[in-house]
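Construct the complete structure from the given sequences, taking the supplied hints into account.
Chain by chain, the residues run as shown.
Protein chains: 2
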Amino acid sequence: MTNSSSKLKIVPPVRSGQTTEQVVARVYELIKREDLKPGDRLPPERELSKQLGISRPSLRAGLSSLISMGVLQSRQGAGTFIVDGPPALDSEPLRLLAQLHGFSFEHMFETRSILEVGAAGLAAERATGEQLATMSEEIADMFAALEDPQQFLVHDVSFHRAVAAASGNPTLATLVEMVSAILYERRRETIERAHDFKEALELHRRIYRAIRARKPEEAREAMRDHIVRAHKAFAIEEEQQRSKRDKKLEA
Amino acid sequence: MTNSSSKLKIVPPVRSGQTTEQVVARVYELIKREDLKPGDRLPPERELSKQLGISRPSLRAGLSSLISMGVLQSRQGAGTFIVDGPPALDSEPLRLLAQLHGFSFEHMFETRSILEVGAAGLAAERATGEQLATMSEEIADMFAALEDPQQFLVHDVSFHRAVAAASGNPTLATLVEMVSAILYERRRETIERAHDFKEALELHRRIYRAIRARKPEEAREAMRDHIVRAHKAFAIEEEQQRSKRDKKLEA
DNA sequence: CGTCCAAATTGGTATTATAAGTTTCGCGAT
DNA sequence: ATCGCGAAACTTATAATACCAATTTGGACG
Numbered sequence: 013m014t015n016s017s018s019k020l021k022i023v024p025p026v027r028s029g030q031t032t033e034q035v036v037a038r039v040y041e042l043i044k045r046e047d048l049k050p051g052d053r054l055p056p057e058r059e060l061s062k063q064l065g066i067s068r069p070s071l072r073a074g075l076s077s078l079i080s081m082g083v084l085q086s087r088q089g090a091g092t093f094i095v096d097g098p099p100a101l102d103s104e105p106l107r108l109l110a111q112l113h114g115f116s117f118e119h120m121f122e123t124r125s126i127l128e129v130g131a132a133g134l135a136a137e138r139a140t141g142e143q144l145a146t147m148s149e150e151i152a153d154m155f156a157a158l159e160d161p162q163q164f165l166v167h168d169v170s171f172h173r174a175v176a177a178a179s180g181n182p183t184l185a186t187l188v189e190m191v192s193a194i195l196y197e198r199r200r201e202t203i204e205r206a207h208d209f210k211e212a213l214e215l216h217r218r219i220y221r222a223i224r225a226r227k228p229e230e231a232r233e234a235m236r237d238h239i240v241r242a243h244k245a246f247a248i249e250e251e252q253q254r255s256k257r258d259k260k261l262e263a
Numbered sequence: 013m014t015n016s017s018s019k020l021k022i023v024p025p026v027r028s029g030q031t032t033e034q035v036v037a038r039v040y041e042l043i044k045r046e047d048l049k050p051g052d053r054l055p056p057e058r059e060l061s062k063q064l065g066i067s068r069p070s071l072r073a074g075l076s077s078l079i080s081m082g083v084l085q086s087r088q089g090a091g092t093f094i095v096d097g098p099p100a101l102d103s104e105p106l107r108l109l110a111q112l113h114g115f116s117f118e119h120m121f122e123t124r125s126i127l128e129v130g131a132a133g134l135a136a137e138r139a140t141g142e143q144l145a146t147m148s149e150e151i152a153d154m155f156a157a158l159e160d161p162q163q164f165l166v167h168d169v170s171f172h173r174a175v176a177a178a179s180g181n182p183t184l185a186t187l188v189e190m191v192s193a194i195l196y197e198r199r200r201e202t203i204e205r206a207h208d209f210k211e212a213l214e215l216h217r218r219i220y221r222a223i224r225a226r227k228p229e230e231a232r233e234a235m236r237d238h239i240v241r242a243h244k245a246f247a248i249e250e251e252q253q254r255s256k257r258d259k260k261l262e263a
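Taken in sequence, the protein lines are chains L and A.
Okay, so the first sequence: first residue is 13 according to the numbering used here, each after it adds one.
Okay, so the second sequence: first residue is 13 according to the numbering used here, each after it adds one.
Check before you lean on any hint, since a few could be wrong.
A pair holds if it fits inside one copy or across any two, identical chains being indistinguishable in the list.
In silico DSSO-like links for lysine-lysine, alpha-carbon gap of 30 angstroms or less [what the hints assert, rightly or not]: (1) 244 <-> 44; (2) 227 <-> 256; (3) 259 <-> 44; (4) 44 <-> 256; (5) 227 <-> 259; (6) 227 <-> 210; (7) 227 <-> 244; (8) 44 <-> 260; (9) 227 <-> 49.
FYI, nobody ran anything at the bench for these hints, they're computed from the structure.
This is how it looks when you write it as structure tokens:
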């Protein structure tokens, strides 16, 4: 139903949109018809370019788009594949947009809070036993990493990812992941000066207990409380780093 | 973060586009240093490819990525520009991801609900006079379009966009936009059979009044109620369309 | 069973032609 | 003389063809 006569719009044969868009649209069609599943290999570039009636560089431009969108992945010598693994959106676009329009970290934290509070509430309603186990394990790993900030942060992030997954809503989990990734990267740089991991750990346990006890409202409240505090801690770390940098400039 | 030590699977090094990534990274640097602001023009392709030390087709592959990410925009004969206007993320990646992993519309609605309920709450705290006026105007336009489903839907969407904007959180507004765009496209096809616009309109007015009265919890509750009902209406429309299609197949 | 080579495939470049928008300049009318 | 207007020249993105390089895969051969 691509260029049939359903509309009388004066559209020259393949004139609509750039060739790049055509590639994206075509791959979308392939996926939609389930000719392609995650992990599958696409036809070779030369063949695919012939099928679409465009040149190889043009095709490559389109594939680049899909790769940067996180839908495809290519390995030289092997082929181009539909990305396998958990669904995820690349956070690069959001990062660029934030940089362009000067989104503040305050807004990022606020958005993250809304998403994760929602996720925690759903998780309390739907989490499976296995998902509960995963959360619990991450908390144990945080205990074990109380002296190693970087490692602690890794398990912190994993715990939140587990909660998002336990919401049973992949769309929501994907958005949580996208926003968190940006904050995580920034946090990694300032975590060294962090303090009071024990408090953070206790807050995580509180979230877990509420989810485990199937109490959505408590889970939501615990998550909200945790992120507010995390935001404050983050702000303090940022401030410390800033003042340190200023000091260095004086010298 | 991808290949943690949880599995020893021999994963070939991910060389997904070295030059393409270079282009994205370089443009990101340009933006970060504020050499480039929204609306600005990039150097011509020939010049830029020389600056980066890569060929034009390779550069174009990178630019294609940025264009599909919604960061750039090209006009033949004029040049390539940083996108101007309100910040927005292309919803194509999410659409593809949803198709690939079979995300359901239920999940989409649930995510939209979480985002918009949060936005409504914030809007009740922060909406400016002008933003309130915009919302009110959209409601008036919905009144005027009670007999024209397509037009009604347009103002419906605009109203929600206005609420998201009034949250004062551009990150949140961007995510709302991204998720809504997907549902909107689908809705446009089924809206003709919709019923009871008056009820929907009344729910919108309730949201507006709560925001106007600066009552966050009421605004949240009104938004939650509205989206639940919208979801139900959507499900009914889908069902009608499905049964109609089945009927046609019989004949 | 191991090693190595050849075919397949993506990665990247160079060159050229084409189409579309922008600017400029000259001409004519006022 | 000046203003408006149209056409030509220029700039720029768009796209195709041809070519070589790097890497992986699989099979042939010892």
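Same-copy or cross-copy closeness of residue 227 to residue 244 [CA-CA at most 30 angstroms]
both (26 angstroms within a copy, 26 angstroms between copies)
Under a CA distance limit of 30 angstroms, which applies to residue 44 and residue 256: within one copy, between copies, both, or neither?
Only across copies: residue 44 and residue 256 sit 22 angstroms apart there, 53 angstroms inside one copy, limit 30 angstroms.
Residue 227 and residue 210: within-copy, between-copy, both or neither at 30 angstroms Cα:
within (24 angstroms within a copy, 36 angstroms between copies)
My question is about residue 259 and residue 44: at a cut-off of 30 angstroms on alpha-carbon distance, are they close within one copy, between copies, both, or neither?
between (57 angstroms within a copy, 24 angstroms between copies)
When no copy is specified for residue 44 and residue 260, does a C-alpha distance of 30 angstroms or less occur within a copy, between copies, both, or neither?
Between copies only: 22 angstroms across, 56 angstroms inside.
One pair to classify: residue 244 and residue 44, alpha carbons no more than 30 angstroms apart. Within, between, both, or neither?
For residue 244 and residue 44, only the inter-copy Cα distance (25 angstroms) is at most 30 angstroms; the intra-copy one is 44 angstroms.
My question is about residue 227 and residue 256: at a cut-off of 30 angstroms on alpha-carbon distance, are they close within one copy, between copies, both, or neither?
neither (43 angstroms within a copy, 42 angstroms between copies)
Homomeric proximity label, residue 227 with residue 259: Cα distance no greater than 30 angstroms
Classified as neither: same-chain Cα gap 48 angstroms, cross-chain 45 angstroms, threshold 30 angstroms.
Within, between, both or neither, where residue 227 and residue 49 count as close if Cα-Cα is 30 angstroms or less:
Neither, since 37 angstroms and 47 angstroms both go past 30 angstroms.
In the structure shown, a violation is registered for the earlier hints numbered 2, 5, 9, in ascending order.
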